[in-house]
Each structure stands twice: as C-alpha cells, then as structure tokens.
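Student: Given next are the chains, with one letter for each unit.
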Amino acid sequence: MAVLEQSQPMTAPAPAKQKKVGQSYASLVWWKFKRNRVAVVGGVILITFYLSFVFLPEIISPYDVQHSSDFAEAGPTPLHFVDQAGKFHLQPFVYGMEQKLDFKTRARTYVEDTTRIYPIHFFVHGDPYKLFGFIPLDIHLYGVDQKSDPQAIVLLLGADALGRDWFTRIMYGGRLSLLIGLIGQFLTLFFGTALGVVSGFYGGAVDQLIQRTTEFLSTFPEIPLFMALAAAIPPYWSPLAAYFVLTLILSFVRWGGLARQVRGLILSLREREYALAAKSAGASDARIMFRHLMPGTMSHVVVIATLAIPSMILAETALSWLGLGIRPPLTSWGVLLQDAASVRAIHNTPWELWTVPFILVTILAYNMLGDGLRDALDPYGAR
Amino acid sequence: MSESLSEPLIEVKDLRVEFDVRAGIVKAVDGLTLTIQRGKTLGVIGESGCGKSMTARAILNMIPKPGKITQGKIVYHRRLQNNGQSQLDDIVELTELDPDGKVIREIRGGEIGMIFQEPMSSLTPVYTVGSHINEAVALHHLTPVRKVGDQLAEQVMAHRQVTKEESREIAIKMLQRVGIPKPTERVDSYPHQLSGGQRQRVMIAIALSCEPALLIADEPTTALDVSIEAQILDIMRELQESVNMAIMFITHNLGVIASMADEIVVMYMGKAVERAKVVDLFKNAKHPYTQALLKSIPHLGKKKVGGRLASISGMVPDPFNLPTGCVFHPRCPMFMPGKCDQIAPSWTKVDEEHWVSCLLYEEV
Amino acid sequence: MAAEPQMKPAQSKAKGSDVLLEVKGLKKYFPIQKGLLRKTVGYVKAVDDVNFYVREGETLGLVGESGCGKSTAGRSIIRLYEPTAGQVLFKSRALASNGGDKMVNLLDLPPEDMKTVRKEISMVFQDPVNSLNPRMTVSDIVAEPLTIHGLNLGPETEAIVVRLLERVGLRPDHLRRYPHEFSGGQRQRIGIARALSLNPQLIICDEPVSALDVSIQAQTLNLLQDLQQDFNLSYIFVAHDLSVVQHISDRVAVMYVGKIAEIADAEELYSHPLHPYTEALLSAVPKADPLYKSDRIVMQGDVADPSNPPTGCYFHPRCRYAEEVCKLKTPEFRELKPEHWVACHRAEELTLEGI
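Sequence order for the protein chains is A, B and C. 33 is the number of the first residue of the first sequence in the working numbering; add one for each residue after it. 272 is the number of the first residue of the second sequence in the working numbering; add one for each residue after it. 7 is the number of the first residue of the third sequence in the working numbering; add one for each residue after it.
Treat the hints with care, since some could be wrong.
[Claimed, not checked] Think about it this way: if two alpha-carbon atoms lie no more than 30 Å apart in a straight line, the pair counts; the simulated DSS-like pairs of lysine-lysine are:
| no. | chain 1 | residue 1 | chain 2 | residue 2 |
| --- | --- | --- | --- | --- |
| 1 | B | K336 | A | K64 |
| 2 | B | K373 | B | K336 |
| 3 | A | K64 | B | K339 |
| 4 | B | K344 | B | K298 |
| 5 | A | K64 | B | K298 |
| 6 | C | K108 | B | K453 |
| 7 | B | K373 | B | K453 |
| 8 | C | K30 | B | K453 |
| 9 | B | K435 | B | K453 |
| 10 | C | K30 | C | K343 |
| 11 | B | K554 | C | K299 |
[What the hints assert, rightly or not] Among chain A residues calculated to face chain C with C-beta under 8 Å, some are:
| no. | residue |
| --- | --- |
| 12 | Y57 |
| 13 | S300 |
| 14 | R304 |
| 15 | Y306 |
| 16 | L308 |
| 17 | A309 |
| 18 | A310 |
| 19 | K311 |
| 20 | A313 |
| 21 | G314 |
| 22 | A315 |
| 23 | D317 |
| 24 | R319 |
| 25 | H324 |
| 26 | P327 |
[To be verified] According to the in silico footprint, chain B covers these stretches of chain C (three or more CB under 8 Å from chain B):
| no. | stretch |
| --- | --- |
| 27 | 240–249 |
| 28 | 294–304 |
Rather than coming from a laboratory, the hints here were simulated on the basis of the structure. We put the CB at the ideal spot given by N, CA and C, even for glycine.
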C-alpha cells in the first residue's frame with residue numbers, strides 16, 4: 033500500500049514521529065528485536081548462562097569440580113533460616129551431616145546433626161583456582177567455612193558417588209556443553225555459508241559437485257560415524273584436543289544442510305537487479321557473491337544457525353552419554369547425564385537429574401531468541 | 272460509454288478511511304464525495320497513495336486492518352430483479368452493513384463485482400493478516416490450486432439458483448464471451464497455464480458471471496501488454512453495453528481512462544480535487560494538479576518538440592505531516608500565499624457537471 | 007568530472023563515423039531443460055538475430071511487448087547474459103592507445119579488457135526496490151563502480167559522490183541514508199547517479215520509468231534528457247510505453263519475439279510505420295485524448311511464445327495483411343527507405359497508418 037511508504041518531501045525536515053528515519057539496517061533490527069519480550073528474555077537467559085557457566089563457574093560454584101568429600105551420594109543439603117530453638121537467622125545455614133549405612137539396601141543415608149550449624153557465607157574463601165586460566169583466586173560466590181571444620185559442606189543439589197558437589201559439576205559441565213554448541217555452530221556457519229554461496233552462484237557443475245558431496249556425507253548414519261571417528265582419536269591426545277576434534281566432526285557433518293539452504297537463497301538473490309548492477313559495473317564474481325549476495329542471506333543464516341545450536345548441544349550430550357564424546361577428567365552435561373543414567377544412580381542419587389532442567393532452559397532460551405531474531409532480521413517486512 | 276438516463280447507483284458521501292499505524296494515523300481517504308451513475312463509467316484517476324483503491328474497497332466494505340471507515344456514508348441504490356418481472360428498489364447503506372453478514376455477501380460478487388491488477392491471489396498484496404475465504408471469493412482472486420472452470424462455477428452457484436452442471440455450462444459460455452479460445456478445454460485449466468491476458472479475462476468472467484450492477488476495476492490492464500489491454504478494454508465496453516452495467520474504473524493511466532470513462536474524478540492525497548465529464552476534463556481542466564498531470568505525460572503523436580515534460584515540482588507529502596490548508600499547495604504553480612496554506616478549499620461548481628476543489632475558483 | 011556541456015551532434019541522416027555501438031546478428035538463446043538428466047529439449051530464442059546501431063549523443067528506443075527480448079538484448083550487449091552469437095562493436099576510448107578510440111567487439115574481449123570497457127557503458131534498471139542493495143548506504147552504492155575499478159580514494163570519492171547526487175537532484179545529507187528511506191523516484195535517481203559515476207559514454211536504460219508514477223516519470227525523463235545534454239551521453243532506452251519512447255528517442259526499434267520488426271527515426275516510425283505490427287501497436291495504445299477517433303486495429307490472440315514461435319514471419323497469425331508467403335518464409339530485414347529498416351514481405355505494397 034503505497035500510502036504507508038515513508039516518502040520524504042525534498043524540503044521538509046524529517047518528522048520526529050517516524051522512528052525508522054535515518055537508521056541503518058542494524059539499528060532497525062535491534063529496534064524490532066527489543067520489542068519482542070519473549071526473545072529478549074531468551075537472550076538475557078543465554079547471556080546469563082554463558083557468562084556464568086563459561087566464564088565464571090569457578091566463582092559461582094562453591095567447590096572445585098574435582099573436590100570430593102566424605103559425603104558420597106548425599107542428597108541436597110536442606111537450607112534453614114530457623115534453627116531448632118526457633119531462632120531466626122538472617123544468614124541461611126546448613127546442619128552438619130552424619131552418615132548412616134542401611135545394611136539391607138547398602139544405601140547411604142545422611143541425617144542432619146542439629147548440633148553443628150554452618151552458616152552460609154557469600155564470597156567466601158574456598159578451593160583455589162585460576163580465573164581465565166591465569167588469575168589466581170580463591171573467592172567463591174557462596175559456601176561454608178571449610179577451614180574451621182572440614183566436615184562442613186553445602187550441597188545445593190546433592191552429591192555424586194564420589195561426594196562431589198553436583199551443582200559445581202553442572203556449572204563446569206555447562207562450560208563445555210555450551211561452548212561446543214557455539215563453536216561448532218560457528219564453524220558450520222562459516223563453511224556452510226561459503227559452500228552454499230559458491231554453489232548457488234555458479235550453478236552447473238560446481239553446484240552439482242558440492243550438492244552431491246554434501247548429500248553423500250549426510251547419508252552417513254551419525255552415531256556409527258562418530259563411534260568410528262571417536263575410536264580413531266589417539267588415546268594419548270589430551271581430552272581437550274579430543275574435544276575440539278569432536279566439535280569439528282560434529283560441525284562437518286552438519287554444514288551440508290546449511291549449505292543447501294544458503295544455496296536456495298542465493299539462487300533467488302542472484303537475479304536481483306542490484307547484483308546485476310554490480311556485474312554491469314565490472315564487479316568480480318567474488319565481490320558479487322560476498323559483498324552483495326551473502327549479506328542478503330545473513331538474516332536467514334543467523335536464524336537457522338541460532339535454532340540449530342540446541343541440536344548441537346543435544347548431539348554432544350548424546351555422544352558423551354554414549355561415552356563417545358567428552359572424556360574425564362573433563363566434564364560436560366552429557367557426561368553428567370551418563371553418570372545419572374544407571375538404575376543405581378536413579379535410585380540412590382536422583383538429584384543428579386537436575387542436569388536436565390538446565391539443558392532444557394538453554395534450549396528453550398535459544399529457541400526464543402532464534403524466533404525473535406527471525407522476526408527482527410526482516411525489518412522491511414516481506415522484502 | 273452508454274447513453275442511458277443517469278441515475279445514481281452508488282453515492283459516496285464524505286468518506287473517511289483511516290489507518291492507525293505505529294507512527295500515527297494515515298488518512299487514506301479524507302472526505303471523498305462521488306457518485307457512480309447506473310450504466311455509466313466513472314474513471315478515478317490519481318497517483319499511488321491517493322486513496323483510489325481504498326475507496327473501492329470501502330464500497331465493498333473490505334478495508335484491510337488496521338484501517339477503518341471513520342466517517343461518511345456509501346449509499347447503494349439496490350434494484351432486485353424478480354426474474355425480470357418486477358423490480359424492487361431499495362436503498363442500502365453499505366457502511367452500516369455487517370462486514371461478514373449475509374446482505375453484504377450477497378451484494379459482493381452478486382451485485383457489485385471487482386477485478387484487480389493481478390488476478391493470481393498469491394501475487395496480490397492483500398494487506399490483511401490471514402485471509403478470509405469470503406474475501407478471496409468476493410474479490411475474485413484466482414486461487415492457483417483450483418481449475419479455472421471450477422472457480423467460475425462456484426461464483427455462479429453462490430449467487431444464482433443453478434445446479435452444478437448448469438453452472439459449468441454457464442462457465443463455458445462466459446469464457447467464450449470474454450474471448451478465451453477453446454473454452455470447453457480451457458475450463459479445466461489451472462490459472463498458471465493461462466497467460467496474463469487470459470487470466471484477466473477469466474477474472475472479468477467471474478466478476479460478470481452474475482451480471483452485476485457495478486463492476487469495480489482497479490488497474491485491470493496495468494500489468495498487461497498494450498495489445499492485450501486493447502482487447503480487454505473492448506470486452507469490458509461490450510459487456511457494459513449488453514448488461515447495462517456501471518463501471519468504476521480506477522487507474523493512473525490517462526490514455527486508458529480517456530477511452531473508457533464517461534466522467535472522471537481526480538484524486539490527490541485521499542481527496543477528490545476535480546470532477547468533470549471526460550472531454551471537459553481533458554480539454555478544460557481547472558485544478559492545477561489535473562493540469563500538471565495532463566501536461567506531464569508524453570502524448571503519442573504530437574510532434575516531438577524535443578522539449579521537456581512539464582513536471583510537478585516536489586513530492587507527495589509525508590502522510591504524517593500533511594500541509595495545512597490545501598494539501599497540494601507546496602507543489603502548486605498557482606499557489607497564493609496567505610490563502611492556500613491557510614484555508615482548505617471546498618467543492619465548487621465551475622461549469623456544467625464540472626466541480627473543483629481549489630481556492631482559485633472560490634470566493635474567500 | 008563534469009564535461010563541458012556540448013551541443014548534440016547535428017542530426018546527420020547517414021550512418022557516419024559517429025557510430026558508437028553497432029550490434030550485428032545478436033542472438034541469445036536460453037536452453038529449455040527437462041527430465042532428470044536435464045537434457046536440452048529446445049530453446050527460448052529470446053534474442054534472435056538483432057541488428058542495430060547507436061550514434062554518439064543519440065537515444066535509441068527499444069520498444070516491444072513482453073517476451074520480445076528487449077531487456078535481454080540490452081543486457082546481452084554488456085554481457086550480463088552471455089550472448090549465444092553475434093558481434094557487439096563498440097568505440098572504446100579506454101582501450102585505445104594515445105587518446106583516440108578503438109572499435110572493439112565486446113564479445114571477443116578478454117575479462118580484464120571487458121572490465122575496462124565496463125567503465126564506458128553503464129546501466130539503469132527498472133525496479134527501484136531491487137536495483138539498490140538494501141544494506142548499503144547511498145554513498146556506498148553510488149561509489150561502488152569507483153571502488154570496483156580501484157578509483158575509490160577516500161574523501162575525494164565522497165566529494166565526487168556528493169556532486170553526482172546533487173546533479174541528479176538529491177541532497178548531500180542523503181549520503182548516509184539507506185535505500186528504504188527513499189521513494190521510488192528518488193531511488194531511480196540514485197541508480198542514475200551510480201550509472202554516471204564512471205563517466206560513461208553509453209547508458210543502457212532498462213525500463214527506467216515503468217515502475218514510477220506519472221509525475222515522477224516526467225521528472226525522471228527530464229533528468230535523463232538534461233544529463234544527456236550535459237555529458238553528451240548516448241542512451242539505449244528500453245521500454246514498453248510507446249509514448250515515453252517517442253518522447254525521449256531519436257530513433258526507435260520495434261521488437262517482436264526476439265527479432266526487430268522495424269527501425270527508423272522516431273517521428274518517421276510513428277507517422278509512417280512500415281510494419282503491420284508497428285501499425286497495430288500504435289493503434290492499440292490508448293490515447294490521452296477522448297476525442298481521438300480512428301479505426302482501431304485490435305490484434306487477435308496473444309503475443310507469440312518465444313520458445314515455440316510461429317513459422318515464417320512470427321507475426322503472421324495476428325497480422326491482418328498476412329499471406330501465404332508470410333507463413334513460409336522469414337522476412338528479410340532490409341533498408342526500405344533511407345535509415346528505415348523493416349522485416350516484412352509486403353512492406354512495399356502496404357500503406358499503413360501511423361499516428
């Protein structure tokens with residue numbers, strides 16, 4: 033409807049009411065994105081998660097990830113504000129725990145010892161670590177004073193069979209799981225887009241070759257492929273190296289799908305008149321492809337990529353759960369799920385399933401963000 | 272261009288259609304008054320954004336959201352035939368009718384037909400979010416997934432008491448009427464198998480299948496080649512004669528309107544600025560906008576002076592920042608300071624059946 | 007950058023040494039591929055043996071209905087589509103040594119030379135929405151040809167862009183804006199500024215005003231004429247609107263289904279057409295004059311299909327003067343009157359009506 037087109041009179045100044053005047057594509061996108069509450073919430077959740085789990089797990093969790101204790105298989109330590117005597121404490125506290133062994137089921141149970149009160153402090157000194165790998169610190173967000181009584185422990189989400197704090201494990205596990213999703217997807221984006229652009233622009237033999245190759249790759253059954261490749265990783269490689277190779281493998285198999293989608297977009301964009309205009313001015317193929325056509329696909333690509341990260345995280349989770357992915361001492365959510373996957377674990381330490389909500393929230397947040405991006409990245413409407 | 276006595280068929284009175292968008296309120300139609308005479312062709316001419324399409328939709332009470340009719344009346348002098356015997360004359364206020372109600376749905380398609388620039392529904396930029404099936408049928412969009420004959424037949428059955436077989440026969444006859452070759456074969460084609468010109472003819476067939484009193488044609492030939500356009504215009508004229516149908520012909524093409532219209536209304540920014548009989552308008556235009564428009568088109572056949580076309584200076588104003596007084600004044604070569612920017616002109620009669628909205632012809 | 011305004015060269019009737027571009031036997035066929043193995047089952051003969059020339063400083067109008075190949079011809083000349091056959095001879099200055107000019111066949115040029123020649127021929131497109139990259143600023147869009155040829159020198163370039171924008175009627179503060187902030191007419195101006203940025207000799211205008219409102223059309227046509235005067239430009243003006251073409255062109259070529267039906271001086275063509283298609287076309291155009299009376303010739307049927315054209319003369323099924331020979335033989339494109347070519351078997355016998 034032409035009447036809604038923002039036309040500018042040649043002499044009148046720009047009216048203040050029109051928010052869209054004088055704004056670049058990027059600011060238009062941001063403006064539209066901001067108005068989508070759901071997407072913003074998703075974004076905030078993700079930023080919080082990434083900041084906490086990737087950068088700051090050492091600070092947020094009370095213990096080091098390998099810190100084992102005598103409290104194997106202890107349940108979540110109850111927090112109290114009111115003590116036995118009925119007195120209200122401003123600072124929450126936990127009681128000490130006594131271990132009891134049930135001879136029939138061989139299960140360990142813990143009983144609160146109300147004589148020992150350990151208040152929870154914030155920003156306590158605890159296990160030392162190196163922040164970002166080089167800053168030596170020992171501050172933790174919360175914890176109990178271990179120095180005075182080594183039996184003091186606070187297990188927000190319980191402990192595993194080795195007495196390690198599950199909350200800490202989830203935090204450290206999140207670091208790898210969240211990162212692998214991001215880095216892996218980034219690689220997929222890079223290669224997939226490049227291949228798709230070249231494939232769609234040239235068509236013909238080049239296109240056929242690239243398409244058939246990606247199709248061939250995608251017909252491989254994933255799990256056996258990973259099993260084979262994981263088995264091929266030499267055992268003397270550090271777990272970190274193995275981790276990166278795993279990321280590479282995961283993204284390699286996926287970039288065919290993205291390439292195909294990008295190719296489709298390019299096929300329609302390459303006949304746009306601005307691409308022809310560039311060609312008529314003498315632009316090289318590379319310039320047309322990467323300066324004119326590829327940016328036109330970026331909005332779709334970003335959305336596709338964002339919505340694909342959850343599946344990447346889930347893939348890592350599945351592989352590690354199968355034992356093919358991350359190896360100890362590194363930990364990821366997949367490894368944690370593997371710990372929780374036995375009958376014994378479900379019976380004795382069901383709080384290990386607390387990993388699941390974290391995964392769910394991450395995936396949900398990515399979907400919310402992705403949907404919001406999809407709407408925002410097309411600020412011109414159906415253009 | 273028929274010669275029957277003029278009686279009003281549709282009277283639009285001070286129509287106002289507004290769109291409430293984020294940045295403000297857009298007055299797509301701003302106080303428009305016009306009359307369509309029974310059996311005659313009214314041409315509505317104007318450039319994009321002048322509100323001519325919205326007026327047409329208002330008549331059918333199909334303004335897309337977020338627009339609405341905020342003021343005015345559209346009076347329809349309805350004449351119902353009882354098998355050609357008696358006539359029942361009725362006055363219906365179209366804006367008061369329930370937009371989804373029975374009466375308006377009878378009228379749409381049955382008594383008032385509409386055709387568009389691009390008949391394929393996938394290509395028509397209908398602004399509504401989500402589409403009514405009613406709207407598709409009423410606006411005669413051709414759906415790409417159904418056979419042409421079926422769509423025609425459906426339209427016929429919706430408004431006439433006929434059986435399925437009879438409606439198919441009527442459909443074939445209509446296709447023949449509008450000049451589709453091999454109609455018995457074509458009736459089973461899909462829209463994409465027809466050329467643009469043929470699709471437009473099918474649209475006309477659908478619109479005319481119930482012999483409506485009024486055909487609203489919104490840029491029906493703009494997307495067509497000149498040679499096809501000539502054919503389509505001929506068909507429209509023929510059918511108008513045979514059925515005594517009125518046509519509201521909306522276009523920006525002055526050549527087309529000169530050959531089709533009996534009377535012309537010129538619109539600018541949602542208002543009517545001039546109205547006259549066709550010869551009068553072309554020979555004796557009074558409003559500066561009309562004059563400028565006529566001078567700005569290259570006329571075929573005139574000896575090429577090698578000179579420039581007269582163009583209207585400036586641009587269409589920003590709908591959120593309309594000029595005061597006469598909305599055309601910033602671009603008007605006859606601008607009178609102190610008057611045109613202060614006072615809004617009113618509809619003045621300057622000649623026999625010739626009205627203008629311009630302060631040059633008003634006593635202020 | 008602005009050359010001194012030069013007078014248009016005198017309208018010499020003979021094809022002289024001031025021919026800037028000559029197209030000979032231009033063909034562009036698009037293969038039709040069907041089946042799993044994409045076998046070629048036929049061709050869409052979009053441009054089928056087209057011959058014409060353009061002189062310095064003149065405007066050649068290329069007119070016809072949909073499917074006639076006029077846009078394809080325009081784009082094939084500068085190898086946006088690679089022509090299937092033919093020659094495109096162009097008087098290039100950039101490829102000539104020591105300041106003169108050199109006649110080159112564009113279709114034979116190696117890539118670096120072709121890129122050089124692209125400085126001298128530019129193009130203006132039809133669609134104001136899609137002819138400008140929505141993610142680039144106006145400044146980037148207009149300066150892009152300069153950037154491509156390595157002539158973008160930072161702040162100096164900005165001054166050039168500002169001059170270009172002013173020349174087409176836009177303001178310097180439009181530099182940092184994006185295309186969506188402008189109206190259709192303004193976007194076309196940006197496209198025109200872009201086409202001027204390398205100081206071309208020839209501009210191919212591919213339906214530049216078809217998508218614009220009537221009053222904006224007039225402004226844009228005036229602008230194109232002014233620019234032609236000031237910079238001694240030559241235009242190939244592709245359009246389907248006969249009145250626009252008559253107004254702006256010195257000579258006009260009428261195309262039908264990939265072939266040229268007739269070429270002549272604009273006034274001559276419109277007043278004394280020699281081809282029945284031209285006559286019918288002129289007759290079909292609605293005139294903006296309600297008192298205009300004439301026997302309208304209404305062509306029957308649809309425009310012929312370029313993938314399956316009729317035998318002999320493509321126009322014969324719709325031609326009111328068609329005879330046996332028209333169904334059998336393709337008519338020869340010959341110069342019947344001075345500077346007036348036509349492809350019709352019966353051209354000598356017929357007296358056709360113009361405007």
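Student: Given the hint that K554/B pairs with K299/C, does the C-alpha gap stay at or below 30 Å?
Tutor: holds (15 Å)
Student: Can you confirm whether the C-alpha distance between K108/C and K453/B stays at or below 30 Å?
Tutor: Distance of about 57 Å is beyond 30 Å: violated.
Student: Using Cβ atoms only, decide whether A310/A comes closer than 8 Å to chain C, and label the hint accordingly.
Tutor: Holds: closest Cβ of chain C sits about 7 Å from A310/A, inside 8 Å.
Student: Would you settle whether the hint for D317/A is holds or violated, based on the nearest Cβ-Cβ distance to chain C being less than 8 Å?
Tutor: For D317/A, the interface hint is violated, since the closest Cβ of chain C sits about 10 Å away, which is over 8 Å.
Student: Next item in the hint list is Y57/A. Is there a CB on chain C closer than 8 Å to its CB?
Tutor: holds (5 Å)
Student: Between the alpha carbons of K64/A and K339/B, is the straight-line distance 30 Å or under?
Tutor: holds (26 Å)
Student: Is the interface hint satisfied for R319/A? The criterion is a beta-carbon contact with chain C at less than 8 Å.
Tutor: Check passed: Cβ of R319/A comes within 7 Å of chain C, closer than 8 Å.
Student: For the pair supplied as a hint, K435/B and K453/B, confirm whether the alpha-carbon distance does not exceed 30 Å.
Tutor: holds (21 Å)
Student: Less than 8 Å between beta-carbons is the criterion; does Y306/A satisfy it with respect to chain C?
Tutor: This interface hint holds because 4 Å falls under the 8 Å limit.
Student: Holds or violated: the hint that H324/A contacts chain C, with Cβ atoms closer than 8 Å.
Tutor: holds (6 Å)
Student: Does K298/B sit within 30 Å of K64/A, going by the straight-line distance between their CA atoms?
Tutor: holds (25 Å)
Student: Please verify that hint: R304/A, Cβ, nearest Cβ of chain C, below 8 Å or not.
Tutor: Nearest chain C Cβ about 5 Å off; hint holds.
Checked against the numbered hints above, the structure violates hints 6, 7, 8, 13, 23; every other hint is satisfied.
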